[in-house]
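Since chain Y is already given, all that's left is putting chain A on it; use the hints.
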Amino acid sequence: MSDQQLTCEELVEIVTEYLEGGLSDAERERFEEHVVVCSGCANYLDQIRMTIELAGRVTIDDLMEETKIELLAAFRDWRRE
Amino acid sequence: MIAWKFLAPGAIGPFSRVTWPTPTEGVPGLWLEAQVHPCASGVHACEASDLPFWLHAELWEVELEGPVVRTGRKVVAPRGRLVRRIDAWDRGAMHDFCGDCKTRVEEYAVQSDEAAAYVADLADDVEDCHAAAAGDDASRAAEAASGSVLRNAERIAQSRFLVARLGLDGGD
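First to last, the protein sequences are chains Y and A. Sequential numbering from 1 applies to the first sequence in the numbering used here. Sequential numbering from 82 applies to the second sequence in the numbering used here.
Be a bit skeptical, because a hint or two may be false.
[What the hints assert, rightly or not] Label-pair distances were calculated between CB atoms; the ranges are:
1. Y/L54 - A/F96: 15 to 21 Å
2. Y/E70 - A/I83: 52 to 58 Å
3. A/V200 - Y/A74: 47 to 53 Å
4. Y/D62 - A/D250: 50 to 56 Å
[What the hints assert, rightly or not] Partial chain A-side listing against chain Y, Cβ under 7 Å, derived:
5. F96
6. W135
7. A201
8. D205
9. C210
10. A213
11. A214
These are calculated hints, taken from the structure and not from any lab test. From the three backbone atoms N, C-alpha and C, an ideal C-beta is built for every residue, glycine too.
Next comes chain Y alone, as it looks inside the complex:
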């Protein structure tokens, strides 16, 4: 039973794991109980879902050459960190 309530900050940290099905049953229930009562986090979850859905439709051909270069550079820098 999920007596310890999740905070908004904690929800933001684990939203990706939630959407990928990576949370335990208890964590998932805490997450969902928070979304029920917190309209801000409910909106945030909807926005993340929408972002994933829209980004999932983008193909490499949809990107401008300049964007491709920026993204590749960003990933290269990220791997170096």
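This is chain A only, laid out in the frame that chain Y set:
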């Protein structure tokens, strides 16, 4: 087994985003089927005692079939279908629920300053008609006033209010 399910407007699962087939002319909606993995997959619903934790726009009576697993504040089954919408769960009922929570929070406020801090939150919840927030704030106020026993008692009071106000069969 008969259980209860809160859905977003349009009979949409608030977390799964699945649109449930709705009943037509008194005939239950089509069965939804899913492999059961208690919190991640399966057809989720709840018993009357857990209604206050899942408040949303629409309330439906659900028929569950197959081995039903109780996990945390949910029940999960391999099959489920909507039997009827609880029309009594409307804006008026939400408002009354908020008001009922507010009345108890005013009692908790007498017991502690920490609980008293929730009185203003409840006033906002009533004004916004945000039933889920009212239930949550009231349970926090109860805990602030007298610990987890009163918090659990507050949730029980909320459940009883819903069962009585909506004319539900408490079942559990």
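The hints, checked one at a time:
Checked against the hint of 15 to 21 Å, the C-beta distance between Y/L54 and A/F96 comes to roughly 20 Å, which is consistent with it. Between Y/E70 and A/I83 the beta carbon distance is about 56 Å. The supplied range of 52 to 58 Å therefore holds. In this structure the supplied range 47 to 53 Å holds for A/V200 paired with Y/A74, their Cβ-Cβ distance being about 49 Å. Taken as a hint, the range 50 to 56 Å holds for the pair Y/D62 and A/D250, whose Cβ atoms sit roughly 53 Å apart.
Hint status for A/F96: holds, given a least beta-carbon distance of 6 Å to chain Y, under 7 Å. At a threshold of 7 Å, the smallest CB-CB gap from A/W135 to chain Y is about 6 Å, leaving the interface hint in force. Because the beta carbon of A/A201 sits about 17 Å from the nearest beta carbon in chain Y, more than 7 Å, this interface hint is broken. Look at A/D205: its Cβ only gets to about 12 Å from chain Y, farther than 7 Å, so that hint breaks.
About 12 Å separates the beta-carbon of A/C210 from the nearest beta-carbon of chain Y, more than 7 Å, and the hint is not met. Hint status for A/A213 relative to chain Y: holds, with the closest Cβ pair at about 5 Å, below 7 Å. For A/A214, the suggested interface contact is upheld, since its CB lies about 5 Å from the closest CB of chain Y, less than 7 Å.
Hints 7, 8 and 9 from the earlier list are contradicted by this structure; the remaining hints agree with it.
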